[in-house]
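Top line first, the protein sequences correspond to chains A and B.
Heads up: the first sequence begins at -4 in this note's numbering, then just goes up one per residue.
Heads up: the second sequence begins at 2 in this note's numbering, then just goes up one per residue.
By construction, these hints were calculated from the structure, which means they are not laboratory data.
This structure is a prediction, so every number in the text was calculated from the model and none was measured.
All C-beta atoms, glycine included, are put in the ideal place defined by N, C-alpha and C.
It is possible that some hints are incorrect.
Covered stretches of chain B, as calculated for chain A (at least 3 residues, CB under 8 Å) [claimed, not checked]:
1. 43 to 56
2. 97 to 110
Label pairs and their in silico Cβ distance ranges [what the hints assert, rightly or not]:
3. A:Asn25 x B:Lys57: 38 to 46 Å
4. B:Asp79 x A:Leu50: 29 to 37 Å
5. A:Gln94 x B:Leu62: 16 to 24 Å
6. B:Glu15 x A:Glu73: 42 to 50 Å
7. A:Glu73 x B:Ser12: 36 to 44 Å
8. A:Glu73 x B:Ala78: 28 to 36 Å
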Amino acid sequence: DTGVSQDPRHKITKRGQNVTFRCDPISEHNRLYWYRQTLGQGPEFLTYFQNEAQLEKSRLLSDRFSAERPKGSFSTLEIQRTEQGDSAMYLCASSLQGQVGRGYFGPGTRLTVT
Amino acid sequence: GEDVEQSLFLSVREGDSSVINCTYTDSSSTYLYWYKQEPGAGLQLLTYIFSNMDMKQDQRLTVLLNKKDKHLSLRIADTQTGDSAIYFCAESKGAQKLVFGQGTRLTINP
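Using the sequences and the hints given, assemble the complete structure.
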């Protein structure tokens, strides 16, 4: 296993378009997390999954955001009707249950909304 | 992360020690973490400390935890140019998520 991978690494989109990001976690990790990081800030929690169940969503995750992990393996994060304020780095991480801080982060997807 | 505060910048001379400080608010945090972020790379876990410990040493890294003051520090001995990065402290909120500070950008001067 080569770690957590994310695709695409960069995405430029026009305001109002929909975008979807993918995260492939470490295969034996049952927990998967999404964070958002804006310039000059630390990552902020968005949501997490245990296997295929989405167990918590941050208030940062507006109705335009949806995340899935259909078979408990890879996950997708979709943003509908993108806004300029959505421009950020979207980070995915995975871990074993109970080891939230000892998991691994992916390289992130940088989203630019023009 | 409004619950975790760090100074934004630190500049040290190569070979000196670097000390990065962090304060947190949640006294129930079980673990506290230090991450490193280099340009174009993901967050890398450097070290972590269990809340009932005062100190943890791992090669050039020393973590000090003052639970009474909710203060955490990371000391990097013999700082090298490869240590240039942004360092984040984080606390775990339950077992579900991490709350990060704003990050401290460490610059190494020759």
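Please name the hints from earlier in the document that this structure breaks, with their numbers sorted from lowest to highest. 3, 4 and 8
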